[in-house]
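S.K.: All chains, please: the whole structure from these sequences, using the hints.
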Amino acid sequence: MGASKKESVEVDKKKNSKKTQTTKKEKHNTEESVLAQKQEGAATDYKELSADDDSEDYKSVGESEAGDGESSGDEGNHKSGSSEGLAIDGQSEDSEPDQGAEESDSSEDEVAPRNTVGDVPLEWYRDEKHIGYDIAGKKIKKKEKQDKLDSFLANVDDSKNWRKIYDEYNDEEVELTKEETKLVRRMLKGKTPHADFDPYAVLGLVRAIRKGYIKFDKPKEEPRFYMLWGDDASSSEKTGHLSYIPAPKPNMPGHEESYNPSLEYIPTQEEINSYQLMDEEDRPKFIPKRFTSLRSIPAYENAVKDSFERCLDLYLCPRVRKKRINIDPESLKPKLPSRKDLRPYPATCYLEYRGHKGAVMSISAEASGQWIASGSSDGTVRLWEVETCRCIKVWEFGEVVQYVAWNPLPELPILAVTVGQDVFLLNSGLGNEEIQRKVKELLHVETPTAPEDSGNKVSGWSWRQDDEHEGIRLRHFKSVYSVEWHRKGDYFSTVMPADILSIHCHLIAFLFLALESIVLCMKSISHT
Amino acid sequence: MDGDVEERRVQARFITKLKPPYKVPYTSIAIPANVTRFGLSTIVNSLLKAGNDEWESQPFDFLIDGELVRLPLEQFVLAKGISAEKVLEIEYIRAVAPQKEDEPSLHDDWVSAVDGSCPRFIFTGCYDSFGRVWKAAGECTHILEGHRDGITSVTIVNPEGADSVTVATASKDQSLRLWKFDTEEHLDQPAKIRAFKVLRGHNASVQSVAAQASGNMICSGSWDCTINLWRTNLSDTEGDLVSIKKRKVKNNVEESQMEVIKNLTSVARVCKEAITGEALSTLVGHTQCVSAVHWPEHSTIYSASWDHSVRRWDVETGKDLSNIFCGKALNCLHVGGEGSSLIAAGGSDPILRIWDPRKPGTSAPIYQFSSHNSWISACKWHAKSLFHLLSASYDGKVMLWDLRTAWPLAIIDSHEDKVLCADWWKGDSVISGGVDSKLCISSGIYVQ
Numbered sequence: 001m002g003a004s005k006k007e008s009v010e011v012d013k014k015k016n017s018k019k020t021q022t023t024k025k026e027k028h029n030t031e032e033s034v035l036a037q038k039q040e041g042a043a044t045d046y047k048e049l050s051a052d053d054d055s056e057d058y059k060s061v062g063e064s065e066a067g068d069g070e071s072s073g074d075e076g077n078h079k080s081g082s083s084e085g086l087a088i089d090g091q092s093e094d095s096e097p098d099q100g101a102e103e104s105d106s107s108e109d110e111v112a113p114r115n116t117v118g119d120v121p122l123e124w125y126r127d128e129k130h131i132g133y134d135i136a137g138k139k140i141k142k143k144e145k146q147d148k149l150d151s152f153l154a155n156v157d158d159s160k161n162w163r164k165i166y167d168e169y170n171d172e173e174v175e176l177t178k179e180e181t182k183l184v185r186r187m188l189k190g191k192t193p194h195a196d197f198d199p200y201a202v203l204g205l206v207r208a209i210r211k212g213y214i215k216f217d218k219p220k221e222e223p224r225f226y227m228l229w230g231d232d233a234s235s236s237e238k239t240g241h242l243s244y245i246p247a248p249k250p251n252m253p254g255h256e257e258s259y260n261p262s263l264e265y266i267p268t269q270e271e272i273n274s275y276q277l278m279d280e281e282d283r284p285k286f287i288p289k290r291f292t293s294l295r296s297i298p299a300y301e302n303a304v305k306d307s308f309e310r311c312l313d314l315y316l317c318p319r320v321r322k323k324r325i326n327i328d329p330e331s332l333k334p335k336l337p338s339r340k341d342l343r344p345y346p347a348t349c350y351l352e353y354r355g356h357k358g359a360v361m362s363i364s365a366e367a368s369g370q371w372i373a374s375g376s377s378d379g380t381v382r383l384w385e386v387e388t389c390r391c392i393k394v395w396e397f398g399e400v401v402q403y404v405a406w407n408p409l410p411e412l413p414i415l416a417v418t419v420g421q422d423v424f425l426l427n428s429g430l431g432n433e434e435i436q437r438k439v440k441e442l443l444h445v446e447t448p449t450a451p452e453d454s455g456n457k458v459s460g461w462s463w464r465q466d467d468e469h470e471g472i473r474l475r476h477f478k479s480v481y482s483v484e485w486h487r488k489g490d491y492f493s494t495v496m497p498a499d500i501l502s503i504h505c506h507l508i509a510f511l512f513l514a515l516e517s518i519v520l521c522m523k524s525i526s527h528t
Numbered sequence: 529m530d531g532d533v534e535e536r537r538v539q540a541r542f543i544t545k546l547k548p549p550y551k552v553p554y555t556s557i558a559i560p561a562n563v564t565r566f567g568l569s570t571i572v573n574s575l576l577k578a579g580n581d582e583w584e585s586q587p588f589d590f591l592i593d594g595e596l597v598r599l600p601l602e603q604f605v606l607a608k609g610i611s612a613e614k615v616l617e618i619e620y621i622r623a624v625a626p627q628k629e630d631e632p633s634l635h636d637d638w639v640s641a642v643d644g645s646c647p648r649f650i651f652t653g654c655y656d657s658f659g660r661v662w663k664a665a666g667e668c669t670h671i672l673e674g675h676r677d678g679i680t681s682v683t684i685v686n687p688e689g690a691d692s693v694t695v696a697t698a699s700k701d702q703s704l705r706l707w708k709f710d711t712e713e714h715l716d717q718p719a720k721i722r723a724f725k726v727l728r729g730h731n732a733s734v735q736s737v738a739a740q741a742s743g744n745m746i747c748s749g750s751w752d753c754t755i756n757l758w759r760t761n762l763s764d765t766e767g768d769l770v771s772i773k774k775r776k777v778k779n780n781v782e783e784s785q786m787e788v789i790k791n792l793t794s795v796a797r798v799c800k801e802a803i804t805g806e807a808l809s810t811l812v813g814h815t816q817c818v819s820a821v822h823w824p825e826h827s828t829i830y831s832a833s834w835d836h837s838v839r840r841w842d843v844e845t846g847k848d849l850s851n852i853f854c855g856k857a858l859n860c861l862h863v864g865g866e867g868s869s870l871i872a873a874g875g876s877d878p879i880l881r882i883w884d885p886r887k888p889g890t891s892a893p894i895y896q897f898s899s900h901n902s903w904i905s906a907c908k909w910h911a912k913s914l915f916h917l918l919s920a921s922y923d924g925k926v927m928l929w930d931l932r933t934a935w936p937l938a939i940i941d942s943h944e945d946k947v948l949c950a951d952w953w954k955g956d957s958v959i960s961g962g963v964d965s966k967l968c969i970s971s972g973i974y975v976q
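Sequence lines, in order, name chains A and B.
The opening position of the first sequence corresponds to residue 1 in this note's numbering, with each subsequent residue numbered one higher.
The opening position of the second sequence corresponds to residue 529 in this note's numbering, with each subsequent residue numbered one higher.
Don't take every hint at face value.
[Unchecked claim] Within a straight-line C-alpha distance of at most 27 Å, the following computed BS3-like cross-link-like pairs (lysine-lysine) qualify:
no., chain 1, residue 1, chain 2, residue 2
1, A, 340, B, 856
2, A, 478, A, 438
3, A, 178, A, 189
4, B, 966, A, 393
5, A, 164, A, 142
It should be emphasised that the hints constitute simulated quantities derived from the structure, not laboratory data.
M.R.: Structure follows, in structure tokens:
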């Protein structure tokens with residue numbers, strides 16, 4: 001019986017040892033994984049998890065708080081960490097010798113008396129009848145071992161048998177709950193045991209802590225005090241009075257005011273004499289004096305005066321805020337564009353159109369850019385070819401030509417010229433036959449037999465055919481300053497500077513582009 | 529002289545592509561290192577003289593590593609980083625410079641266009657609206673009348689065939705005319721010729737004209753920003769001109785003076801009216817005056833314009849294939865050089881630019897020649913050479929350029945006023961016409 005018992009015990013022990021080995025393996029895995037996690041360092045989560053942990057290894061005096069347990073040195077941390085990690089699986093129901101009791105109010109204490117043997121190897125109790133001692137000091141008796149056969153049968157019958165693990169330390173069978181099996185499974189796979197736990201979030205937290213984003217210390221409290229004697233400089237904003245301008249701070253005494261300043265501060269007799277020569281205002285207000293001992297210091301002669309003046313400064317001196325505008329005078333200058341911005345600007349003269357004898361008063365380019373007309377003070381209008389500076393045509397007028405303007409339409413090469421009181425519309429002679437024909441048609445006007453116009457004012461304009469210059473001549477009553485064509489070439493306006501305020505301009509429905517109509521309708525509208 | 533300063537010497541060997549008697553022996557000789565081109569030329573001449581007693585000195589030009597030597601030899605070698613230890617291979621070519629200036633042929637007005645592509649004659653266009661054919665300096669053989677305004681550009685359409693040559697003229701009267709004449713006949717007086725075809729279609733002055741190599745078509749660029757293509761239809765109009773040559777001209781004047789305007793009316797009545805031609809197609813794309821056109825290949829036309837661009841057109845489709853933009857209004861354009869694809873263009877600044885459109889990347893000019901002082905009015909590649917071209921400018925000078933050096937090879941200063949046009953003639957002469965109404969011929973230019 002004894003032998004069989006022993007055998008059974010041995011067998012059981014072997015089984016147990018196997019089981020413990022497997023559990024040990026599991027625990028090794030878990031240990032490793034947990035250690036790996038631990039190396040990443042976040043202890044905070046574990047803290048909570050291990051709150052209800054009893055690592056029985058710790059026979060610390062009294063009950064040790066989880067926090068204290070952690071703070072008990074690095075090694076302790078490591079161990080507690082590993083034990084905490086181990087504690088996660090099955091909530092430390094698989095107790096190993098190296099688990100320590102952390103808190104006494106854990107759930108396991110309500111169960112059967114726990115073995116308090118600690119690190120004592122269980123082999124020593126092999127021959128004994130008890131497994132160890134409970135917390136009260138009583139022996140914990142070994143339970144009756146089942147026969148192998150019985151236990152095998154029990155294994156087969158019981159569907160939950162795979163969950164049962166024999167806890168050697170406590171000499172009992174422990175059944176893992178579903179959550180616990182899940183945890184174990186997860187650990188075997190190498191994942192974190194707790195499903196909700198995300199190690200990557202932990203990593204983030206770790207990195208943040210390392211970088212200093214998350215701080216553990218409490219935020220500093222704002223110092224809750226204020227200056228009793230307000231600083232004049234800063235108090236000005238706080239006062240609501242817009243007109244209150246505090247007096248300037250009196251200067252603190254420096255080296256010169258010392259009763260025994262360095263020798264270089266003290267003026268020599270010559271310097272003192274020279275002060276007499278200066279004006280009252282230029283003299284230094286304070287002349288440093290040297291006294292070898294405190295008792296030889298006389299009274300400060302200006303004491304009353306200084307304090308009186310300070311009082312004046314404080315209450316009797318009107319201070320006004322002067323609004324000074326700080327304008328940099330350079331900023332008032334208009335900003336001229338730099339030379340580079342103006343590029344391409346003409347820098348070299350390549351072509352010269354020579355021919356005029358007097359100053360050139362005005363030039364105008366034809367619509368296509370092939371010709372230029374210029375009017376000059378020598379009384380001529382010249383037509384130039386742009387490319388070669390060749391003068392193609394010259395018109396003589398006798399008077400100073402004020403202004404020339406080409407008709408903007410390329411089909412009508414008509415040149416308007418202002419000479420004295422006349423505006424001439426000239427046929428420039430350019431273009432092919434067709435264009436010439438049209439221009440000639442347009443530039444034909446018959447002398448009006450009866451005056452036609454609106455009758456508001458006496459018309460001062462007269463139209464004449466000018467054969468000498470091949471065109472039309474429009475006489476004004478005053479000298480014409482300039483002539484401008486409308487963009488469409490139908491109208492043109494002339495400007496006569498009469499008085500300062502009034503400018504006459506009249507629109508002539510003249511060159512309407514109904515080129516079929518030879519008859520010209522003339523309406524002159526004059527504005528004053 | 530300083531006895532301390534030793535004259536350094538360089539080992540050199542002269543090679544040439546010229547034929548004997550220009551060849552010197554192939555041995556290497558030591559020459560002083562500070563010789564200039566003139567010194568090298570004298571050395572070669574003396575070498576040639578040593579081999580041939582009847583040798584007459586000629587100016588030579590020298591190339592080292594494909595670049596013309598323009599500095600003293602020492603400085604050139606230093607600048608190029610050529611090792612002075614080895615024997616220098618100096619290639620010499622005959623100096624490109626005009627040796628003779630013919631007497632200028634006077635016109636009545638500005639000579640605005642000149643064409644020397646046919647070696648038998650020179651064809652000029654003038655602001656007095658007449659085209660003229662010259663056999664040699666001062667010998668005008670034909671006068672082409674018909675235009676109403678100055679001629680802006682001329683081109684020889686079909687130089688083949690001795691008996692009838694076709695030429696085209698473009699004028700400010702917005703038309704082009706085609707003419708045919710015979711170069712072989714001998715005339716005492718210049719013969720007056722009328723156009724056999726008048727091409728109308730442009731709305732503004734026709735600025736330039738160019739002929740296709742085959743002679744069937746011409747293209748013209750105008751101030752109305754378009755390029756028109758015209759057929760020259762040689763077959764229709766052979767019969768008209770036979771009678772014209774026999775007209776007598778009343779005045780006996782020097783061949784270069786032209787005063788027969790009064791006779792024009794009688795002549796005009798006799799010959800038939802020229803037929804009018806319409807444009808075959810129009811190439812639209814430029815936004816300003818098309819100042820120069822060139823038709824080097826059968827299906828490609830190059831055009832330069834005052835809108836700062838050089839465009840390449842495909843004749844069949846009528847679209848512009850590429851557009852080189854330079855910042856200056858261009859006056860002249862010619863395509864030639866290596867592979868007939870280098871584009872030379874000059875415009876309203878004194879720099880002659882050459883582009884290579886085959887080069888990928890930027891469209892910056894590969895060569896820029898800036899020795900002129902004023903606008904460039906004409907530029908022409910030499911027909912046979914890969915490197916030589918000429919340019920004419922408003923500063924009165926015609927310059928001959930070699931791509932291998934930045935300085936002009938020669939400056940021909942025969943005009944007093946602006947030079948409006950220039951061309952090569954007979955492969956060794958340069959002809960130019962300008963505001964001084966002269967046609968100048970400089971000959972004796974050896975261009976290989």
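S.K.: Does residue 189 of chain A lie within 27 Å of residue 178 of chain A when you go C-alpha to C-alpha?
M.R.: Cα-Cα ~17 Å, so holds.
S.K.: So if I understand the rule, the pair passes when the alpha-carbon distance is 27 Å or less; does residue 966 of chain B with residue 393 of chain A pass?
M.R.: holds, 23 Å
S.K.: Take the C-alpha atoms of residue 340 of chain A and residue 856 of chain B, compute the straight-line distance between them, and say whether it is at most 27 Å.
M.R.: Holds, at about 18 Å.
S.K.: Are residue 478 of chain A and residue 438 of chain A close enough, with their CA atoms no more than 27 Å apart?
M.R.: violated, 31 Å
S.K.: Tell me if the straight-line CA distance from residue 164 of chain A to residue 142 of chain A falls inside 27 Å.
M.R.: With Cα atoms ~18 Å apart, residue 164 of chain A and residue 142 of chain A stay inside 27 Å; holds.
Of the hints listed earlier, the one the structure fails to meet is number 2.
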